[in-house]
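Taking the hints into account, I'd like the entire structure generated from these sequences.
Those protein sequences? They're chains Z and U, same order as listed.
Residue numbering for the first sequence follows this note's numbering, starting at 62 and increasing by one per position.
Residue numbering for the second sequence follows this note's numbering, starting at -17 and increasing by one per position.
Treat the hints with care, since some could be wrong.
[Stated by the list, open to error] Straight line, CA to CA, 30 Å or less: simulated DSS-like cross-link-like pairs of lysine-lysine: (1) U:K120 <-> Z:K141; (2) U:K(-11) <-> Z:K141; (3) Z:K141 <-> U:K60.
The set of hints was computed from the structure by calculation and includes no laboratory data.
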Amino acid sequence: MSAALEKRELTLGFIPLTDCAPLVIALEKGWFAKYGLEVRLSRQVSWANIRDKVAVGVLDGAHMLAAMPIATTLGLGEIKQPMVAALSLDLNGNAITVSPDLYQRMAEADPEAAQAQPMTARALARVVAQERGAGRPPMNFAMVFPFSTHHYLLRYWLAAGGIDPDRDTRLLVVPPSYMVECLNMGEIDGYCVGEPWNEQAVAVGVGRTLITDYDIWNNHPEKVFGVTRDWAERHPHTHRAVLMALLEAARWIDQPEHRLEVAEILAREDYVNAPAEVVKMSMTGSFQYQAGAAPRACPDFNVFHRYAANFPWRSHAMWFVTQMYRWGQLEEPRNIREVAEQVYRPDLYREAAHALGLASPAVDYKTEGGHAGPWTLDGPAPIALGADRYADGRCFDPADPVGYLRQFDIHRLRVSLDQLAGLNP
Amino acid sequence: MNAERLKIMLVDQDAGRSAILRQALSDAGHTVVARIEPGRSLLGEVQSCQPDIVIVDMEAPGRDTLEQMREIGRDQPKPIILFSNKRDGEYIRQAVQAGVSAYVVDGLSRERIMPIVEVAIARFREFEALRQELHETKSQLADRKVIDKAKGVLMQRRGLSEDAAYQLLRKAAMDRNLKVAEVARTLLALEGL
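Right, here's the structure in full:
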């Protein structure tokens, strides 16, 4: 097997977050070695570094935000480079947290909405209206990168509650590890971030979590393994070996009996460099929303393999592109399906899964939002999938992305939807 | 942007290196706003200081914050110079192709900084000029469409020839010291078109 590899020694980048686990476990448990690879993991300080270093070949591939390879392919942000994502690393894993002071005002403005589970942005919308009435400047909310699920799902949730994210709030990019301190200093009023930065704010009493990302879009894609298209074309066997190692690692991580060991490995200085106790919180299926309250069950908060979690659904990629249009990041009219086909590569995933004897979905697209609970995708080998509901109850049909965009009153569209519809028949 | 005297924001965690850069930039006559601790509200800082150019350590965690400048700064984009003193920087050199950013390897020395700043600004201006040209071409095309439509209305309503309709629009514009396209837009707005 290894004789066929175009390249054996690889440097792969990661950001210290719990969802870098498949890369870390593939290394620590010997799956990279099993497929003939000598991998060095390189910790990076920012998402922009991950993107740029993969783009120019300093890194062979990396842990990336699920929307990042799409944005880079489209040339949004500083660099334009065709990218490929052939494997999703995990589902879910983020939450929205606000200061206790803001939560208190929400509870006073709309006690019922502030108690509801999952919480809508209705109570927050009341506070926003009060602030505007008093002539105060918009509140500051933070997320981790312009092309991240955090950004899109925070906007989705705000807008679904009647808040215009561009008029009623100011959205800032803040590095994950600075979030808790910024909230505590009052520089921001709330944020959307991955773990352990929500539970950390709750634990030290400076934050109150409102809702997890899981409740905004059940089982949304979160991170992917990304490489440049050029790299993928020049190293097909190496790429497949990496995908196989990551798939085996992800399957192992998802077994409950291995989770504590995973958390201990991740907590090490070389990886996430956080106390094992903090890393464990998000990895063991429960979530604490406020200080002193009992943790609530959230078994799907971190999903690494079940529900076909590693499959790169092109419908997921298409949804990200609709959000890039909705919020004015993408101004050039494109065929959205074509973009998804270029970047998300289920064909490559299937080769790797097939080599491991794992069944893969036979289709590349599914509607998003129609399943409130677990369901089965029929095919030669039925696949068990998870819920895929959106908090506002809408459905995303990949056959009609423009129809989906037409439904939203709050947006920053910079393209004409009629023109976009012409390119997306 | 004044090339003679630039307002430069420096984002670097290394206090020693940042002091050297600051001195070199000041000696060249520029004003430096140094931020030794990147991260937090870098964006707010950028908005309040309105620097002409940002020089940032590639390994600074606050770098992601600057990514937002491209979105927020659509109307007032600024050049960003990234530098890195990591060994793998040799490859990063190739990334100079990337739009308005210049990537610099092996750290910044006093001698190297000014040529780099100048090149980055030149590239940025070139890019901005192209952007401006594209914008003007687009608006000229839009203007022509509006004028044609207004001429059509006048020709139909008043039975004028195409030339007479244009002369009417032109005279109205000259009388009011406006552009022909603006008069055409007003006319169409009044007609409810």
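Right, here's what the structure says about each hint:
1. Among the hinted pairs, K120 (chain U) with K141 (chain Z) is consistent with the structure: their alpha-carbon atoms are about 24 Å apart, no more than 30 Å.
2. The suggested pairing of K(-11) (chain U) with K141 (chain Z) holds, with an alpha-carbon distance near 28 Å, which does not exceed 30 Å.
3. Proximity of K141 (chain Z) to K60 (chain U) is assessed by CA-CA distance (about 18 Å); at most 30 Å being required, the pair is judged to hold.
The structure meets every hint from the earlier list without exception.
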